[in-house]
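Trainee: Those sequence lines, one after another, are chains R and Z.
According to this note's numbering, the first sequence is numbered sequentially starting from 1.
According to this note's numbering, the second sequence is numbered sequentially starting from 1001.
Don't read these hints as lab results, they were simulated from the structure.
Just so we're clear, the structure is a prediction, and the values are computed from it rather than from any experiment.
Note that the Cβ used here is the ideal one computed from N, Cα and C, for glycine as well.
Worth double-checking, as some hints may not be accurate.
[As the list claims (entries may be wrong)] Partial pick of chain R residues on the chain Z-facing surface, computed with a CB cut under 10 Å:
no.	residue
1	Gly22
2	Leu26
3	Leu29
4	Ile92
5	Gly94
6	Asn337
7	Thr338
[Unchecked claim] Selected chain Z positions facing chain R (in silico; Cβ < 10 Å):
no.	residue
8	Ile1051
9	Glu1076
10	Asn1078
11	Pro1139
12	Ser1143
13	Leu1162
14	Ala1216
[Unchecked claim] Listed next, with one range per pair, are the computed distances between beta-carbon atoms:
no.	chain 1	residue 1	chain 2	residue 2	range
15	R	Ile357	Z	Ser1179	52 to 60 Å
16	R	Arg117	Z	Pro1067	50 to 58 Å
17	R	Val248	Z	Ser1179	31 to 39 Å
18	Z	Ser1179	R	Ile133	44 to 52 Å
19	Z	Pro1067	R	Val164	51 to 59 Å
20	Z	Pro1067	R	Val233	35 to 43 Å
21	Z	Ala1091	R	Arg91	25 to 33 Å
22	Z	Ala1091	R	Ala131	32 to 40 Å
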Amino acid sequence: MAGARITLDTDAEGRRRLRLSGDWKLMALAPQYGRLAAELAAHAGDAGLAWDVSRIETLDSVGAMMLWRAWGRRLPMQLVSRPDLATIFERISGRQKKHEAGPAPRSPLEWVIIVGRLALSFWRHAVDMTALIGQLVLDFVHILRQPRNMPWRETSANLFKSGVRAMPVTALVGFLIGIVLSYLSALQLKTFGADIFIVNILGMGIIRELGPVLVAVLVAGRSGSAMTAQLGVMRVTEEIDALATMGVSRSLRLVLPKVAALAVAMPLLVLWTSSIALVGGMVSAQIQLDISYGFFIDTLPKVVPVANLWIALAKGITFGMLVALVASHFGLRVRPNTESLSSNTTASVVTSITIVILVDAVFAIATRKIGMPI
Amino acid sequence: MSPAIEVANLSTRFGDYWVHRDLNLSVQRGEILALVGGSGSGKTTLLRQMIGLLHPTQGEIRLFGEPLFDGNVERERNLRRRFGMLFQYGALFSAFNVFQNIAFPLRELRTLDEDLIHELVMLKLAMVELLPRHAWLMPAELSGGMVKRVALARALAMEPELLLLDEPTAGLDPDRSESFVRLIRMLGEQLGLTVVLVTHDLDTLAALASRVAVLAEQRILALGTVDDIMKVDHPFIRNFFCCDRAQRALQNRICGECP
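For reference, chain R alone in the conformation it holds in the complex (with noise of 0.2 Å):
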């Protein structure tokens, strides 16, 4: 392939001539770009200039349209062509340039417009979430009227994914968690010779805080966003059209099987690692202040109130059910492209896990007065 170059001579009768030879194609150019759009607008203001053309090998949209720039967007006055070479300038001076400004042009008050898309999103958010719980109250009563409806297969299939399948990684980060808060605390204890309270503190600490808000982070992580995905994918993909068109309802078929299964599994998954987390911190106690586990499980019910226990349950479920909605919410909203699903899933594990710390702190406060140690 021949390069594209440009000869500047003199003919006979003295006039100055521009010869222009070789491949005039994109893969040519693109490499020596730069320079060959430098040198041409050099020669472009020159009025007095032939312009030879029919030594060109190759021209190709991208040549002509660099041609045609220096040109000032019309044929030169002196121009030595070929016919063929003619039609590919025709067919790029048939379209004048229009200057199609881009997408919108920004505007002065633009922090305006950003505060605004900003607050509208956001009760768009709101307005969404809440149709969406309304809707499955509805289901629920249509359920309780008509049980044979209720998608027990689907709700099985999840309650499995989500809680079954979440047992180990929740046991493993609840026995290192338990070890970690054991040790820390028997370091501290020691020194005051308060042993026996490592019992207390990782009692109430485990139980009644720290397991949920631990299970509620993991499984936003881990079902939250793969619920999103995948509602987002069938959204992409038109099933959840195809599936209202058989007439099938998507919050009953899709949203309720996942709300109920969290729902279910949540407060399962908390007791397992908090029971897991508690394992690991008697065994860190053992080692560190040599306190017996049977010492351990004894005095453990009579620190720690049942009453927590039923806080952990109760926020087990609030906090599932929150995941499972948050996750469907931001999975429904996912428009056909990579981009937004991408985003959206994203944004259903951060609003997740902030709303689950949000209504944690509300909990704490309601339930203040409950299941404290005497």
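Got chain R sorted already, so can you dock chain Z onto it with the hints?
Mentor: Frame of chain R, contents of chain Z only:
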């Protein structure tokens, strides 16, 4: 000049199943070749092998006389820039708008300035008969016919010499499909493209193809103009070309040509 595509002794195996055995095909420059064949006969597989998305089990494919795979990354990349592919479902980047989709391959060169890219994109849009305002739409907002046009504009962005089309008219209504075929033929003539298309649609085939390659029994069963092919006596070809529907499509072509 070496042919645009040369397939020599190509064999492809999926598991225990041989899709192609000792297949030979040569696509001349400037022709429009249609690949037809029954479902599962390996048309799309062959197309994907031609552009290097799939490796053949045996045999070799040469584009413009050069092998597709030889380990020289720079040369392979330059070779890839000499052809454009129109995927069956467009394969537009859904996170980009139409403008960015078409500009993408040009921007990848990293030498052209934004102003030139803007003009080239608008030129390509005009070539596929779309309006400048369509440039700011997202792929999700386009109709099926527009998706194909934008995908065609993107395939043409790099000024390819060879254009490969996978089911160019599948999913378009007859009216749209006819105007899309007209567009492809017009662009093919204007730009001097070599076109290879895979199609099921006889109207498309009759309107576009200068030669037809019939893929069956793991090889190229017949190769020639539509009229040559119809003379071949083989059950598949009889079924494909000689039912009423096919006759009607081919009749239309003849009538269309003699007003």
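Trainee: Looking at the structure, which of the earlier hints fail to hold?
Mentor: 1, 8, 9, 12, 13 and 14
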